[in-house]
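Asker: As you go down the protein sequences, you meet chains A and B in turn.
Read in the working numbering, the first sequence has 299 at position 293, and its numbers run on one by one without any break.
Read in the working numbering, the second sequence has 245 at position 239, and its numbers run on one by one without any break.
Honestly, the hints are just simulated from the structure, not real lab data.
Note that beta-carbon positions come from the ideal geometry of N, C-alpha and C, so glycine has one too.
Among these hints, one or two may not hold up.
[Unchecked claim] Cut-off 20 Å, straight-line C-alpha distance, at most; resulting in silico cross-link-like pairs (EDC-like, lysine to aspartate or glutamate):
#  : chain 1 : residue 1 : chain 2 : residue 2
1  : B       : K464      : B       : D80
2  : B       : K462      : B       : D252
3  : A       : K96       : A       : D223
4  : B       : K464      : B       : D252
5  : B       : K464      : B       : E185
6  : B       : K462      : A       : D79
7  : A       : K73       : A       : E295
8  : A       : K73       : A       : E226
9  : B       : K464      : A       : D79
10 : A       : K73       : A       : E89
11 : B       : K462      : A       : D88
12 : B       : K464      : A       : E89
[Stated by the list, open to error] Residues of chain B clear of chain A, computed beta-carbon distances all greater than 10 Å:
#  : residue
13 : E16
14 : M23
15 : R155
16 : Q275
17 : G413
[Unchecked claim] Heads up, incomplete: computed chain A residues facing chain B, CB under 10 Å, no partners named:
#  : residue
18 : D88
19 : H207
20 : P232
21 : A398
22 : A401
23 : W406
24 : F420
25 : E423
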Amino acid sequence: MDFQPVLTLLCILVILAPATLFALLGLAALFAHQLSENTVSRATRVAVIVGLLASISILISMLSTGKHHVQLDLGHWVILSDEHFHFNFKILFDRLSVPFAILIFSLCGTIGGFANSYLHRDPGYRRFFFLFSMFLMGMIATCLAGTIETLFAGWEMVGLSSTLLVAYFQERPSPVRNGARVWTIYRVADAAFLIAAVALHHHNGQGDFDGLAGVGDWPEGLATLPSDQALFIGLMLLIAAAGKSALVPFSGWLPRAMEGPTPSSAIFYGALSVHLGAFLLLRASPILEESAFVSAAVLVVGVVTAIFAALTGRVQTDIKSALAYASLTQVGIIVAEIGLGYRLLPLAHIMGHACLRTLQLLRAPTLIHDYHEMENAIGSHLSNDRSFWRRALSARSRAWFYRFGQQRAYLDAFLNEFIVRPFLSIFRMFDTWERRWTDFLSGGESRVSDRVMPTVEPIEKTL
Amino acid sequence: MTFSSIPWLELAILFPMIGAIWLVFVHEHDTARSHQLTFSWGTFIFASMAWLLSGGAPESPINSDPERMVSLTDGFFAIDDFNAPLIPLAALLWLMTALGTLGTKPRQFSFSGNLLSEAVTIATLSCTNAWGIILLLGLAVIPPYFDFRVRGNSPRVFLIHMLLSLGMITLGWSMIDAENVSGPHSTFAVALLMGGIFIRCGVAPAHCWMTDLFENASLGSSLLFVTPMTGAYAAVRLLFPVATSDQLYFVMLMGLATSVYAGGMSLVQTEARRFFCYLFLSHSALVLVGLGVANPIGITAALSIWLSVGLALAGFGMTLRSLEARLGRLSLREYHGLYEHMPRVAVFFLLTGLASVGFPGTVGFVATDLLVDGAVQAYPWIGMLVVVAATLNGIAVVHAYFRLFTGHRHAVSIPIRSRPRELTAVLVMSSLILLGGIVPQPGIASRYAAATELLKAKGVLPAPHASSEKHRSGDKLSVSVE
């Protein structure tokens with residue numbers, strides 16, 4: 007019996023389910039149509055269940071037929087044949103993307119159900135679910151992308167939805183400031199990614215991962231790029247991954263992102279989004295194989311991030327930040343595993359860690375209650391013995407580490423002081439020169455906008 | 007009488023001109039407003055028919071027969087692959103602006119002047135005659151000049167730049183015209199032409215007229231003066247055919263420098279109009295970058311960005327205008343929290359802003375990717391700087407969104423929600439932005455056809471066979487100038 011048509015249908019369903027949900031909620035938002043909470047919740051449930059069942063069916067089919075690599079070519083999105091330029095729309099089901107897709111649908115289904123109760127009658131309910139659908143669509147597009155351009159499209163959608171969800175409580179300036187910070191870091195990461203994508207497309211003549219892998223399916227594929235090009239593209243991808251997964255030196259945005267509602271913190275920064283950088287490195291692993299330097303850089307970034315997050319996480323005073331740094335510690339270790347050349351181990355690590363952290367973040371609002379229950383169960387207070395490090399280190403060293411952790415390794419201060427501030431100062435200086443020039447030409451005050459009086463803060467605070 | 011036998015293009019120019027004269031005699035504001043809208047609709051329909059019948063429209067639903075299209079001007083105004091979509095786009099911008107003009111604005115809004123500037127802009131974008139283009143560029147300066155005067159603001163910065171630009175273009179083209187050589191033209195003549203066009207395009211450091219225009223003229227007329235990008239049109243029609251590859255490389259460098267500079271400047275602006283102006287400058291300069299790359303992909307990208315910027319940033323500007331109509335000039339130093347009152351405008355603001363920076367699924371995505379790809383093919387580092395500019399703009403757009411729509415609970419004593427006409431404009435623009443992003447192939451293919459025509463006419467690509475040459479109205483080719 008030929009299973010190909012069924013398999014094709016399943017593949018299409020996996021991408022169509024979240025796309026339909028996104029289109030439905032997006033059009034409702036654009037036309038300001040107020041869908042009822044029930045409709046939104048049902049639509050989300052149906053999309054997630056259809057996508058999940060289709061993904062599981064594909065996994066079963068792949069296991070039963072021994073086919074580890076199914077690619078669905080949905081045709082050219084843009085083609086200029088004379089210039090050999092094409093944007094292919096390809097979906098790739100392999101040993102990396104299928105488990106990841108199942109993970110995405112499972113966790114999004116869980117979080118969707120949780121959020122439905124958590125945000126019941128909240129004024130931003132529909133906005134949340136619209137952004138949630140954008141996130142789901144972006145994650146699925148990223149994970150199943152058969153070309154680097156498709157991956158980039160999904161990557162951007164994840165970034166935007168994350169940013170807007172960090173700023174979900176938008177009547178207050180603080181979440182908005184944090185959202186702007188997250189977006190800024192994401193844009194830097196996106197820029198690196200776009201450069202890598204274009205360089206890959208340019209050198210390879212195509213953006214297909216099949217072409218990139220050269221020989222063999224993931225995780226055995228080997229890149230066909232020369233090592234100098236692999237070095238450049240690999241480093242760009244590492245910057246992109248570092249931005250998206252909050253690796254050092256971009257870690258400052260992670261605790262800020264916890265300003266969003268708990269369901270989005272759980273799904274984005276505990277479970278899925280924070281692993282996207284690691285996923286990218288896994289997908290581009292044939293490039294890492296080509297350049298020992300890039301692999302070493304990945305290892306170093308991973309180890310440094312894990313140490314930094316472990317130290318910083320210990321001095322956090324709120325549960326969401328503590329969990330964010332705990333999550334980052336594991337992501338650092340996962341990245342280090344990738345740098346060491348492992349492929350299936352980090353994938354398994356991601357799956358397990360994402361599930362655990364989702365559970366922890368969803369329980370976070372009831373943490374004190376949970377502690378009381380535990381203490382009631384054991385009949386005494388939980389142990390607060392002095393740890394090994396507390397005994398081994400002097401008070402002065404511990405104070406140093408405490409300050410280091412409290413200041414989050416001064417990473418934000420470093421970026422602000424040495425990158426953001428000088429950059430903005432230069433452009434402010436140009437702005438002053440322009441004012442003088444137009445004042446001179448017009449023979450008086452040329453800027454009406456000077457009379458538009460400000461009240462609050464400059465952009466540095468936002469960034 | 008068939009569709010082709012009607013001179014649609016000339017009608018698209020003549021109709022708003024008649025409207026401008028008609029409205030001089032209409033003194034009642036509401037009537038004038040409604041008549042202006044009718045004339046704008048008519049112009050848009052005529053311009054669209056000209057586009058559809060020219061064969062320049064991808065998948066044109068009407069059987070086009072360009073050779074049978076009637077021209078009353080002996081090809082002085084002509085439609086070809088390059089300008090075909092620019093003409094209905096310009097008409098659409100005027101129509102959407104008219105739709106989005108609130109009933110409270112008419113007393114400050116010159117309906118007649120608005121239609122006159124529409125006629126001049128459409129004429130400019132249709133003109134294939136070099137002297138005609140220069141004359142029309144000069145005429146286009148008049149409506150904004152009167153806008154300055156009406157508001158009691160000094161037009162000196164604007165006028166100095168415009169006169170200098172027109173002078174340099176005129177002098178440069180006179181010298182080129184007089185040389186009449188088939189080889190490279192004298193560097194001085196091309197430099198004069200280039201300088202004039204740079205000023206008109208707002209290339210840094212000669213861009214201050216644009217910020218001054220946004221500062222001191224009305225937002226509506228400033229938008230309509232800059233968004234059709236007539237300066238870039240002059241660059242394609244006048245400069246591109248005569249510039250050598252080194253000169254085009256310089257055009258690209260200047261465009262790139264402007265794009266990055268304006269991207270950085272947009273981040274430090276504290277007022278919405280100036281912010282928009284720099285955002286626009288940063289994007290419009292990318293058109294010059296694509297032209298300077300001078301390969302088929304780069305020019306396709308430039309022409310695609312032209313359309314995406316026209317749509318996206320005009321829509322973005324319209325949302326700002328809609329906000330200004332309610333709240334006055336907007337400071338970006340504080341949070342305004344307008345989302346609660348105008349959610350659809352907020353979504354549209356973000357959508358247009360992101361479309362302009364090439365967000366996936368919007369009209370700018372493929373255009374930006376093409377530009378980076380085309381630039382990387384020619385000069386790898388240029389592609390990277392284009393990405394830097396897009397990154398700066400992306401940060402600035404979301405920063406402005408947060409400042410205007412979030413961060414604060416905005417209390418109002420009267421409703422400030424959007425009116426149905428404004429929402430119609432918003433939805434039309436949104437649909438085009440999304441449609442162009444989801445189904446980009448027809449648009450890109452049409453721009454590619456225009457790009458290859460430009461390169462063939464320049465001699466960079468092999469000339470087409472005589473039998474395959476496309477003649478539109480009149481006897482002019484796509485880039486020929488007299």
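Asker: Indicate, hint by hint, whether the structure satisfies it.
Answerer: Do the hints match the structure? See the list:
{"no.": "1", "hint": "B:K464 to B:D80", "result": "violated, 23 Å"}
{"no.": "2", "hint": "B:K462 to B:D252", "result": "holds, 18 Å"}
{"no.": "3", "hint": "A:K96 to A:D223", "result": "holds, 16 Å"}
{"no.": "4", "hint": "B:K464 to B:D252", "result": "holds, 14 Å"}
{"no.": "5", "hint": "B:K464 to B:E185", "result": "holds, 17 Å"}
{"no.": "6", "hint": "B:K462 to A:D79", "result": "violated, 34 Å"}
{"no.": "7", "hint": "A:K73 to A:E295", "result": "violated, 24 Å"}
{"no.": "8", "hint": "A:K73 to A:E226", "result": "holds, 14 Å"}
{"no.": "9", "hint": "B:K464 to A:D79", "result": "violated, 38 Å"}
{"no.": "10", "hint": "A:K73 to A:E89", "result": "violated, 34 Å"}
{"no.": "11", "hint": "B:K462 to A:D88", "result": "holds, 14 Å"}
{"no.": "12", "hint": "B:K464 to A:E89", "result": "holds, 18 Å"}
{"no.": "13", "hint": "E16", "result": "holds, 33 Å"}
{"no.": "14", "hint": "M23", "result": "holds, 32 Å"}
{"no.": "15", "hint": "R155", "result": "holds, 14 Å"}
{"no.": "16", "hint": "Q275", "result": "violated, 8 Å"}
{"no.": "17", "hint": "G413", "result": "violated, 4 Å"}
{"no.": "18", "hint": "D88", "result": "holds, 7 Å"}
{"no.": "19", "hint": "H207", "result": "holds, 6 Å"}
{"no.": "20", "hint": "P232", "result": "violated, 15 Å"}
{"no.": "21", "hint": "A398", "result": "violated, 44 Å"}
{"no.": "22", "hint": "A401", "result": "violated, 42 Å"}
{"no.": "23", "hint": "W406", "result": "violated, 35 Å"}
{"no.": "24", "hint": "F420", "result": "violated, 19 Å"}
{"no.": "25", "hint": "E423", "result": "violated, 17 Å"}
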